[in-house]
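Colleague: Residue strings, one per chain:
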Amino acid sequence: MINIRSLSHVYEKGRKIKFPDWQIEDMDQWLLLGASGCGKSTLLNIISGLLKPTQGEILINDTDLYTLSARSTDRFRGRHIGIIFQRPHLIRSLNVLDNLELAAVMAGVPIDHERNLLLLKDLGIGNLAKRYPDELSQGQLQRVSVARALVNKPDLLIADEPTSSLDDENAAQVIEMLTTQAKDNGAALIIATHDQRVREHIAKTYLL
Amino acid sequence: MNIFKISSKNLVRNKLTTILNIILVAFGVGILSILFLASNQIGNKLEKNAKDIDLVVGAKGSPLQLILSSIYQIDYPTGNIPAKDAYKLAHHPMVKRAVPLALGDNYNGYRIVGTDTSFSHLYGLSVLKGNFWQKDLEVTIGSTVASTSKLKIGDYFFGAHGLTGNGDIHKQHAYVVKGILKPEGNITDNLILTNIGSVYKMHEEKHKETHHAAAAEAKEINDKQITALLIQYKSPMSVILFPRMVNQSTNMQAASPAMESARLFSLIGIGIDTLQWFAVFIMAIAALSIFISLYNAMKERKYDLAIMRCLGASKSKLFFLVMFEGILVTLIGTCLGLLIGHAALEVIGVYQESSQAKLTGLTAVPQEIYLIWIGLFIGSLASLIPAMQIYKVDIAATLTKDR
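Residue numbers (the working numbering), protein chains in the order written: chain A, 1 to 208; chain B, 1 to 403.
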């Protein structure tokens with residue numbers, strides 16, 4: 001499903017990172033491991049179409065992401081890739097359900113109200129649909145951001161350091177949630193982390 | 001869920017800033033719309049009332065005062081002119097129509113105008129109920145007079161001396177209402193019309209009391225005085241010759257309504273200009289305030305916008321989102337301002353003393369459309385630079401950084 005070939009990126013300051021080739025199949029679950037500052041975020045940004053690499057190509061479903069126009073790249077990302085950030089980053093002026101609907105609207109996909117409610121229920125936050133982000137705890141916010149990443153039935157779910165600020169118990173819960181949600185929604189999963197605790201949950205690793 | 005909803009939700013979240021910006025815009029637009037409406041209505045009234053009147057002849061004095069008193073019925077007359085001289089002018093070959101006016105009394109602030117049938121021809125008057133006056137002491141009243149003073153046909157009333165106030169009432173003779181005029185939308189709505197003889201009669205009695213001019217009753221009308229003469233020329237050629245002839249060869253003065261109202265308007269114009277600049281200044285502050293609040297908000301909203309980009313929104317979509325917010329604020333402000341302007345003018349009209357130049361907020365002028373456009377323009381101008389930030393935001397860097 002995703003094919004990365006002879007990819008490398010040169011930073012503005014002149015530092016160059018070469019990425020090993022990587023082949024991800026449908027519904028694969030991968031761990032992207034590496035110490036801080038070795039280019040994990042850069043690779044994720046490249047995969048999600050936010051950062052144009054200096055060299056090499058990246059094919060998602062046989063589409064070369066960086067041959068698309070800027071507008072089509074944005075649209076492609078919205079429809080096929082769900083991103084979960086280290087911080088939840090919800091829109092604070094909108095309630096939980098509106099935040100989910102926003103994902104559909106921004107990607108230009110029809111709103112599926114029933115499914116959004118079901119997603120929230122599956123993640124154990126069905127009762128928070130009308131609440132505003134200010135009123136939720138960090139854990140709840142993270143669940144909402146997972147739900148938002150899944151709204152458009154993405155083919156690929158990307159999570160960037162989802163466990164870095166959590167204790168052991170919560171970290172295990174989040175990993176469990178991500179793997180089952182990705183499986184249930186038929187999406188491939190990439191978790192970028194330097195957190196050793198995650199390793200025991202996911203078999204395939206890509207090391208930077 | 002669309003751009004409109006996202007924008008308005010965000011505006012509601014920042015209530016105080018939004019309200020401040022809306023008020024600023026509304027204030028500026030309100031002042032401008034009051035100015036537009038008022039100057040338009042005053043201009044219209046000046047024009048409508050002076051229609052078909054080429055020249056006014058009256059006693060020497062301020063020409064503006066002569067025009068104001070005899071056409072717009074606002075100021076006091078400059079004095080009287082001998083009826084004999086006036087009639088001589090009235091029969092001059094250059095004159096098509098001459099309307100004599102005898103002013104001096106009022107009823108509840110409505111002027112009683114002594115004139116003849118040429119007055120109703122000049123203004124094209126017709127009666128709604130009853131008839132025109134025929135004999136002395138019979139009057140035909142304007143529609144506004146009828147509706148506010150509750151006078152009906154057959155009612156009697158006493159006139160008071162002077163042009164305002166009820167101080168010195170002529171109790172010797174009562175006027176009788178013979179007819180009510182159709183509403184004309186000009187000065188005649190506020191007048192009580194009668195013949196010149198009635199006005200003389202009122203004042204002869206007065207004179208008798210003070211042991212003055214006892215023989216006045218016996219004299220011909222020609223020996224008496226009138227206040228002014230409204231003149232219509234036969235041909236436009238007379239514009240140059242006739243006034244000069246009056247001013248040089250008689251003891252009266254001729255004043256042209258067109259020239260005097262232009263002069264009056266240029267005097268009012270200074271005040272209007274000042275207010276206009278003041279309003280423009282407020283609008284500029286409004287634009288600046290919208291700009292600053294949007295620009296400041298961008299620091300915080302950078303995350304929101306980066307998220308929306310990640311969710312698949314294109315740069316142009318977000319550009320319009322920010323623009324839309326600014327435009328929405330000014331649009332609401334503009335509409336509110338127009339509402340305020342109209343309401344304020346209506347309130348001013350209600351409290352206005354002079355019934356002759358009442359202002360109303362219930363009409364609109366085409367210039368107000370421009371105000372809406374100006375509002376939209378200011379909104380888009382103020383939000384342009386903040387919206388441009390969209391193109392600069394590095395999504396990847398923004399989202400990996402902590403809030």
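If you're looking for bench data, these hints aren't it; they were derived computationally from the structure. Treat the hints with caution; some may be incorrect.
Stated by the list, open to error - Chain B regions said to be covered by chain A (calculated; three or more residues, Cβ under 8 Å):
(1) 178-185
(2) 300-314
Said to hold, decoys possible - Quick list of in silico lysine-lysine cross-link-like pairs, DSSO-like style, CA-CA up to 27 Å:
(3) B/Lys302 with B/Lys315
(4) B/Lys171 with B/Lys45
(5) B/Lys302 with A/Lys130
(6) A/Lys130 with B/Lys15
(7) A/Lys130 with B/Lys5
(8) B/Lys51 with B/Lys15
(9) A/Lys52 with B/Lys234
(10) A/Lys121 with B/Lys315
(11) B/Lys234 with B/Lys51
To be verified - Footprint (simulated), chain B over chain A, 3 or more residues, beta carbon under 8 Å:
(12) 8-22
(13) 46-52
(14) 176-189
Each residue gets a CB set at the ideal place from its N, CA and C atoms; glycine is no exception.
Colleague: Please go over all the hints and tell whether each is borne out by the structure.
Modeller: Cross-check of the supplied hints:
With 0 residues having a Cβ less than 8 Å from any Cβ of chain A, the segment 178-185 of chain B misses the three-residue criterion, and the hint is violated. Check on the segment 300-314 of chain B: 11 of its residues sit with their Cβ under 8 Å from a Cβ of chain A, so the three-residue criterion for coverage holds. Pair hint B/Lys302 plus B/Lys315 holds up; C-alpha atoms about 13 Å apart against a cutoff of 27 Å. Simply put, B/Lys171 and B/Lys45 have alpha-carbon atoms about 34 Å apart, too far for the 27 Å limit, and the pair is violated.
Distance check on the hinted pair: B/Lys302 and A/Lys130 sit about 24 Å apart at the alpha-carbon level, within 27 Å; holds. Restraint check: the Cα-Cα separation between A/Lys130 and B/Lys15 comes to about 20 Å, which is no more than 27 Å; the hinted pair holds. Of the pairs offered as hints, the one joining A/Lys130 and B/Lys5 holds, with about 16 Å between alpha carbons and a cut-off of 27 Å not exceeded. At roughly 52 Å between alpha-carbon atoms, B/Lys51 and B/Lys15 are farther apart than 27 Å, so this suggested pair is violated.
In summary, the hint linking A/Lys52 to B/Lys234 is not supported, as the alpha carbons are separated by about 86 Å, beyond the 27 Å threshold. For the suggested pair A/Lys121 and B/Lys315, the alpha carbons sit about 33 Å apart, so the restraint of at most 27 Å is broken. Of the supplied pair hints, the one linking B/Lys234 and B/Lys51 holds, its CA atoms being roughly 15 Å apart against a limit of 27 Å. Coverage of the segment 8-22 of chain A by chain B is violated. Counting CB-CB distances below 8 Å, 0 residues qualify, and the rule asks for three or more.
Counting residues of the segment 46-52 of chain A whose beta carbon lies closer than 8 Å to any beta carbon of chain B gives 3, which meets the minimum of three for the stated coverage. Check result for the segment 176-189 of chain A against chain B: violated, 0 residues qualifying (beta carbon to beta carbon below 8 Å, three or more required).
Of the numbered hints stated above, those contradicted by the structure are hints 1, 4, 8, 9, 10, 12, 14, listed in ascending order.
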